[in-house]
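Sequence order for the protein chains is A and B. First residue of the first sequence? That's 1 in the numbering used here, and the numbers climb one at a time after it. First residue of the second sequence? That's 1001 in the numbering used here, and the numbers climb one at a time after it.
Rather than coming from a laboratory, the hints here were simulated on the basis of the structure.
Below, simulated DSS-like cross-link-like pairs (lysine-lysine); rule was C-alpha separation at most 30 Å, straight line:
#: 1; chain 1: A; residue 1: Lys-200; chain 2: B; residue 2: Lys-1062
#: 2; chain 1: B; residue 1: Lys-1062; chain 2: A; residue 2: Lys-196
#: 3; chain 1: B; residue 1: Lys-1108; chain 2: A; residue 2: Lys-230
#: 4; chain 1: A; residue 1: Lys-195; chain 2: B; residue 2: Lys-1062
For clarity, every value in this text was computed on a predicted model and none was experimentally measured.
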Amino acid sequence: MFLLKLLLRNAFRHPLRTGLTLLGLVVAISAFGLLRTINEAWYAGVQASSATRLISRNAISLTFALPLSYAERLRGVDGVAGVSWANWFGGVYQSERNFFPQFAIEPASYLKLYSEYRLSDEEKAAFIRDRQGAIVGRKLANQYGWKIGDTIPIRGTIFPGTWTFTLRGIWDGAEASTDESQLLFHWQLLNESVKKRFPKRGDQVGVFVLGIDEPQQAAAVSQQVDALFKNSLAETLTETESAFQLSFVAMSEAILVAIEAVSYIIVLIILAVMANTMTMTARERLAEYATLKALGFGPGFVSRLLFGESLVIALIGGAAGIALTFPIAAAFAKAAGSFLSVFLVSDTTVLLQAGAALGVGLIAAAWPAWQMGRIDIVNGLRHVA
Amino acid sequence: MKQLPLSYIARNLWVRRVTTALTALGLALVVYVFATVLMMSEGIKTTLVATGNPGNLLALRKGAGAEINSGVSREQAAILASLPGIATAADGRLLLSGEPVVLNSLPKRGSGSPSNVTVRGTSAIGLQLRQQVRLVEGRMFRPGSSELVVGKATARGFEGAGLGGTLRFAQRDWTVVGVFDAGNSGFDSEIWGDSEQMLQAFRRLSPSTVVLRLQDPAAAEAFVERAAADPRLTLDLKPERQFYEEQSRGLAIFINVLGLALSAIFSVGAIVGAMITMYAAVASRTGEIATLRALGFRRHAVLWAFLLESLLLALVGGLLGLLAASFMQGVNLSTTNFQTFSEVAFRFVLTPAIAVQTLLFALVMGLVGGFLPAWSAARLNIVDGLRAA
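Construct all of the structure, not just a fragment, from the sequences and the given hints.
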């Protein structure tokens, strides 16, 4: 207890210097946490994916479609419990800035597969009945202030024209990681319009979603499906939903790696600042430490004093930084809107932040502690700070 | 009255080497982040802008925005070709090429994870339209065959895309017979084959885009107007350069905003570091400052001396950071452009403007960090200061 008091007194002997160091620490630790959270948000789709869903797409690339007739043959594959399908719509709501994903889906079967989208029975029935209807996630509805019954105009980029949907339901995610920033509407509506304009492009599906009974069967079922359509006009590539989502994340890998690297750079910056503070502190107290030694305290005690002081500062700054991460992340999520579907500070992030603060505290004191541990008493006493 | 000599300022930094080095290191790291971000967005911009040839026009379906969303029917392409003002090649054919553009997901070298590559069907005319493209290995694909030539970034980055490799897509085996260098433009990240073969293989009825060259580049506006007036043409016609610039905008802005926001946050850390160092410098030299003042140096001379010391410190950090960033110029990076959904390879480009901006940024950090300590040094009372020493 006495030691802690001494450490605190020592730490705040230069209130201005310690205050500035703390400020730097708080900024660095919260920035580190925010960057990690941004990085994790990219992987939100992977985390939200279910182990019992497979995605089947055209083997060439996602921009190529599959014929609807595959649905029947997919149902016949052993282990497949449900089949649904979706098309990426790629529309724009009001302006390009308002990005959110829209999918044309087969309603009844899709909602059965995505049971984590919680809708009341009335809303679900109303959506399935109304071919112009659409449903959105809670987060998206809140962002644009949509209420049930509202009409939502979307301008198509892949499918030209303005499409108007009536909002029939708003889903809540069963878990925090569930995507609540999509708009879903009837695939049939899209298909009829496409058929009218380009008869040859009708009955095409972007991806098939397959529900399987057992997660262990994923690999076997995928192989069976791909073998079924081998050497056909549209070969399929089937993978688990998480692998499918991960392939999107991998596309922007370079940026993710850069963000990650940068998040460690900020820790290095604050390490330099902190080490500087501790070096200056030690130099100024040279005579003091020599006195302590002359009184009979060992070199270990002097080192412990320095380590302790450094840790006290680092932990106060780290704790404040961690506490500040949450409001900052909340503000950031609000500003980013539907660009990031899920934005939560994870436990791992908090642990890493605490670890970074601890590491900075220890490393910053290492050099001065080693030096002060072996100062010569006579020289130290002679030294004038 | 005189200013304090520069050597006095520099030596003060040298005396406290460890502190100076640590503070400069903090500054250098921030400057490094700042510079690499600018270099990255500059690299993306130069890559994509270099893709467009001045004098070329690009036609896409109205509202398509990107090549892969677009479709131009053969009828519309024929109408475009009939408009006057299109340049001709030496053999009398029109310099106009209808090109199917599709995305193909291929495994990357090393990781094996798939990424989207732009596959373009083109022809000898298409090659003439892109003056920056030169074959560096192998030969051009033969028309009517399943042969491919690939850009050098694709050849380097994707499995089986090197010279002599075989790629399997659209139910065919395609042989890579040549590698081309497109002068670090976006074409370096593409795969080219015969346009008719591509249309067949991908079961397309019509090309995605039409590229054409005008006899007189100055007549571009008139040509675009004439095409817009034709009700049969539901196309967007744009100078190629402008099109590719628009394609790079999203990614460049994203990197810029993210990077500058980060630099701003990080700079707080470095400024705090500089401030701590300068406050300590002032505190340990109280007696010295008072002596200087007693000798007749004015307040502004002291203020200026400490400010210069801080600026010098920032300059050292800035130069270190810039030096580290300049090594990034040899690094090739590739990422997916969200606007086109396809892979684009680019380099970090250091321009003199970026170097100047970076050093100015470092100096501003030094100024902000050093001003308050210098101010307090200048306001020091002579008698108190001398007594403290």
